[in-house]
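> Now for the letters of each chain:
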Amino acid sequence: MGCRLAGLLTGLVWSVAGVAAGVPGTLVVAQALDDIVSLDPAEGFELSSESAFTSLYQRLVQSDPDRPGSLRATLASDWQAGNDGHSLLFTVRDGATFAGGHPVRPEDVVFSLNRAVRLNRSPAFILNELGWNAENVAGFINRVDDRHVRVRWPAQVGPAFVLNVLSATVASIVDQLEVEHHQASGDAGNGWLHSHSEGSGPFRIRRYIPHEALVMDANPAAPLGAPLLKTVILRNVADAASRRLLVEVGDADIARDLGPDQIAALRGKPELYVFECPSATVHYLLFNASNVANPVLKNPGLWEAARWLIDYDGIAGQLLKGQYLVHQAFLAHGFAGALDTTPFHLDVAKAKAVLAKAGIAPGVTIKLDVFNQPPFNEIAQSLQSTFAQAGIRLQILPGVASEVYGKTRTRTEEAVWLYWVPDYNDAHSTAGAFALNREDGTQSIAWRAGWHIPALSALTVAAVEEQDPAARIRDYEVIQTAVQRDSPFVIALQERAELVMRRNVRGYRQGLTAEMVYYDRVTR
Amino acid sequence: MVAGHAPRLLLRIGGALFTLVVTLSALLLATFALSALSPVDPALRLVGDHASTASYEQARRDLGLGRPWIVQFERYVSHAVRGDLGISSSTGQPVREDLKTVFPATLELATLAMGVSAVVGVAFGLLGARRPGGLADAVIRILSLAGNSIPIFWLGLLSLYLFYAHLHWTGGPGRLDDAYEFTIDRGTGLVLIDAWRSGEPGAFANAIAHLILPVLVLAANGLGNIARMTRTALLNESAREYVTLARAKGAGEARVLLGHILPNAAGTILTVLSLSYARLLEGAVLTETVFAWPGLGRYLTTALFAADIPAILGSTLLIGVCFVILNRCTDLLVRAVDPRTL
Amino acid sequence: MSRARLIASTDLLLGAGLLGLALCAAVAAPWLAPFDPLIQDMGQRLSPPTSTHLLGTDGLGRDILSRLIYGTRPTLGLVALVMILTVPIGLTIGILAGYCGGWIERVFMGITDVVMAFPTLVLALAFVGVMGPGLVNSAVALALTGWPAYARLARTETLQMRRSDYLAAAEMQGIVGVRLLWGQVMPACVPSMRIRLALDLAAIILAAAGLSFLGLGIGPPTAEWGAMVADGSKVIFDQWWVAASPGAAILVLSLAFNLLADGLRDAGNRSP
Amino acid sequence: MTQRTLLSVRNLSIRLSRPAGERVIVDRLSFAVGAERVALVGESGSGKSLTARGLLGLLRSPLSVSAERLEFEGRDLRAATPSQWAALRGSGIALILQDPRHALNPVLRIGRQIDEVLRIHQRLSSGERRDRTAEMMLAVGLRDPLRIARAFPHELSGGMGQRVMLAMMLVNGPRLLVADEPTSSLDAALRDQVLDLMVSLVEQRRMGLLLISHDLQQVAQYCERVLVMYRGRLVDERRAVDLAASDHPYTKTLWSCRPSGRTYGTQLPVLVREADERAETLS
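Protein chains in written order, with our numbering: chain A, 1 to 524; chain B, 1 to 342; chain C, 1 to 272; chain D, 1 to 283.
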């Protein structure tokens, strides 16, 4: 059940109270924007840019905000799968126009998808899953007539999977005429789109000042209806305590990413309410079995003992209360086929027994890499304390994000606490990471943990080729159970997004993944 | 007379320019080497951890990381000389444009904070030196010590909580309320001047309301040092013979302190003021974080965490230039104030 | 007893007393601290000061008072380390520059200018990055950017002394080279160093707190005052005591250093 | 010879308070100065310089001054308030210090330092003040007043510095001039020139002069009466002409130490001090 209904209910129950400070028709969101690298949908893949793309651009098909897990026809009014199982024919929505006024044409679809693959920037790998690359992509996407586009793909995957891939933001449709008009030295408009938008989304960029703010104005001619707001301002407020003050005083209507204790303090305020919604982000502990320096890492006994040494309830229930659910399978709750069983809990005695049986003597030391931002340093210290009770000494090494990722790519880490966000709205995005090691250098999470799983990898590859959706779900349940019971990862928590909102803000909807942020129905 | 004078003048200017160039290139070389040491992988920060190895390799090529760092440095300097500071990898904008928006923000905050801490700091120093060991001296000492012993981010958050959230006396984080922030034209980048020139009725008052807290917090942090150094300088001077003669001339304590002692201590005080101004110009990253102030401090810090080499080098170059100019101005001021140094 | 003299001696006593308190807290931490600073108690998270937890508990339910007492070790360690690294480098470069003059002075002062113009954070991040977070590394990073101030001070003092007669007299007696600089020049620089050091020690602790606030500080779970303030500031509005006690501790310690310096200076020379 | 008494002092003492305890530096001095030239002579450390500054109330803690009578022109100075002292200094009593390089404010021009005295004590237009300053500078023998007025102290020689200080101190027409070793920083030739100038100015304006010095011979030549100080106490008072015949052992020894052709190269006589030392410890 999506968050839209939940948000609506809480909004209606409260009477219209609280001072509607700020500018009428303008929504102000206080969040951190420092992670934005680019606002070009073919390049930007950071959390903040993703949260803006659904407002600025549209894809042929998109996840339905009111019925998550199923797709909604957006720029494509409808589509038919080819009988060879390797092609799709899309009909471009009639009368759809871009914010700048140009009509949406099949040429724009061909241009946008080609451009995304050829630029080969951060999110391009999603389209590479279909077997497209800079050389061959032109041949696979062609205009049939002035209303239709045929899309074909060499990879052994079914149309259902392809539709999910094309719902990702990298497949956003941009206005070819405008973009080519602003092209600079053959960059296919990438420089211009860094801070401008030429899409058909409900909003368009009025102004983007890096590290300061992103101002989006309404696009009255948006296909599927104009937004109710005039302007949305995403303000860069890096410090959580400052964000909290802004929403408390009313200078901000929504405050993202506040700490659990800060939200607990705001829960009682009449003029505010807490909007909660599960997110697809799962947190897991990874042991690098390929690290020969510390042989204990490849011992399955350690993997199993670790499952009993995490204080799941302590962390989710108290340390980070409200912002995490206990979840022990790689598909997040809310995804089709997600495994919701949680067989493990903190049991030091059992862990000691498992360690003894596996011949691991107490006093072993493992280096734990972790991000130097909250909540990771708190989680790390909780692990350190519970693992110590079973004689395993965790040495915490906080580091900058890309430094920690750097170690996992060169497999020099021992243990690391990470989080995984699915790249597109299909189970394979996560299964391909945890349960697939092609042993050909692709840096899946299984590869980073040095986990050799030929049989499980085969099953994961088969699952993505499976045409029948029901069969796919059964496959993923089998894979998740295997990973849950015996693997060098301990999947422990699933995040739950908590936003603090002013009483008068209603109609906000948010989905599982980062791009599912919908401002079009918001009023204040 | 002029002819004889000119060569010496040219020599001095040439010397100054030479030291400027040498200092800046040494600064750039040091920053470049140290940034290369940073553990952060710029390409990885750019494309993210999920990207394909192909995208990652392409990003490395785009950033020119493949080439030996001497070549990278030489390429950077040759461009910098022509004013092209390169493209910031984390914002995709030319570094020069970024600096044009972030530096005025820090300049405005630093200058106002410097004004307050200089006036209050020197005044505290004078009061403290008037009767060393007196009540005023003790109170000022504790106050100024507290000023520079309280962590500034703590002071910032507390002041926001009290004056903004509870008492609503001042503006909150950010430089302007959203009503004005994106409507007025940001010509000079100095929010006070832009707000004034914008003609919007409440804009100027709003800009002041937002400036008060960060300026006072920064000033409180800086004035402790200024007050203590001023007091020490004044006390050293007050033991000199000319003070006795001044009193022998019938000058009262105020005239002795302001007319005789202060001018002699002015040289030292100016040096202290310029040091603390330089520190402020470098961008008070902690204050800018707490007050969501888009200044040079935050820009450099985010660039550091992203190993965004062009942005780091551009910022360090700008800070280096400010520092050298500030030192030269201080030298000239001290010479003007203290004829002995001519 | 004249008032100025009275003030100077109380400064000395008060400063030394507070510092002594901190030192014995560091030494006797295991006996003084009511709890183990690392033991977490999720049920007691962020509890206000109670009879059992005199200063309340932090975000992980650890006793703040015990962490404060244990925290004296890394904090004083950090300060001592920075002091040991900063002053010698600054003194050596300053005295050599002042005494030798000529191109040596220009080169040394050039280096000092560059390091001074160098944003502290660039060095700190590079250093912490290469060597990893930790007490020693942050201390070295802070020291590497702190010495120029001392170098400039030492140079000015040496310049003033270079033309003095007693230096010439020392050279006449055959004291030359390093023994001259070490025995004669260095002691004269010590007084002004001492005042500068006292002012800087507070700044060092706050710089460490700043690094922690940005996520670069001493690795968890060690209890260090700067890190504690940084963690506490996240919940500053509702559980203010979590940040207040380490903040107050930093204030008191820096007060101690400055009182000590003032006391030494006033007792040192007779000027009022 | 003395028409009226300018300064009369009885039992003036100066104490130094140390953490270790109090020490008496000047012990119960009594003397008077009229419109005459009086010398206060003693070895360095005898407290003569402190006495001079004590007379002008210039001593600050840890030094403290006490006296049974301290009157200038009949006015009791013991309970004078700071503003009363300020009104007196520079207009009633003037002070000349030893070394102009330290005594003149190094960062202010000479003209401004002289002009300041007039601004403190009199209501004059800037024009009048400029004339009075120039006139005074000429009176003290400074040939080019305009140039010197614009100069800074470190640009003047020792002799010129003393002349500036004289101009500064006399421009307001004080009645008593206290000179604390005015010439010891000058070389011999200049020394007599400045003293001649000082004496002629004092006589011209019928002022009193209290000349503090350690040079007995110089004092004898320029002053009428001599007070001899030893270890903080006035041990001898006599007319300058009778100095040679003085019977006080200390004055006799001091007098015979005068450097001259005769005493060149010979061992100077040594004062037998034990007697005094013993007396000192007993009291």
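Please keep in mind that the hints were generated in silico from the structure rather than gathered at the bench. It should be emphasised that the depicted structure is a prediction, and the values quoted were computed from it without experimental measurement. Some clues are possibly wrong.
For each label pair, taking beta carbons as the anchor points, the in silico distance ranges come out as [as the list claims (entries may be wrong)]:
| no. | chain 1 | residue 1 | chain 2 | residue 2 | range |
| --- | --- | --- | --- | --- | --- |
| 1 | B | Ala165 | A | Thr523 | 33 to 39 Å |
| 2 | D | Gln193 | C | Gly101 | 38 to 44 Å |
| 3 | C | Ile39 | B | Arg197 | 44 to 50 Å |
| 4 | C | Met131 | A | Asn142 | 52 to 58 Å |
| 5 | A | Glu439 | B | Arg75 | 47 to 53 Å |
| 6 | A | Gly363 | C | Trp31 | 22 to 28 Å |
Even glycine gets a Cβ: it sits at the ideal position worked out from N, Cα and C.
> Hint by hint, note whether the structure agrees.
These are the hints, each one checked on the structure:
no.	hint	verdict
1	B:Ala165 with A:Thr523: 33 to 39 Å	26 Å, violated
2	D:Gln193 with C:Gly101: 38 to 44 Å	40 Å, holds
3	C:Ile39 with B:Arg197: 44 to 50 Å	60 Å, violated
4	C:Met131 with A:Asn142: 52 to 58 Å	56 Å, holds
5	A:Glu439 with B:Arg75: 47 to 53 Å	39 Å, violated
6	A:Gly363 with C:Trp31: 22 to 28 Å	27 Å, holds
Hint check: violations occur at hints 1, 3 and 5; the rest are consistent with the structure.
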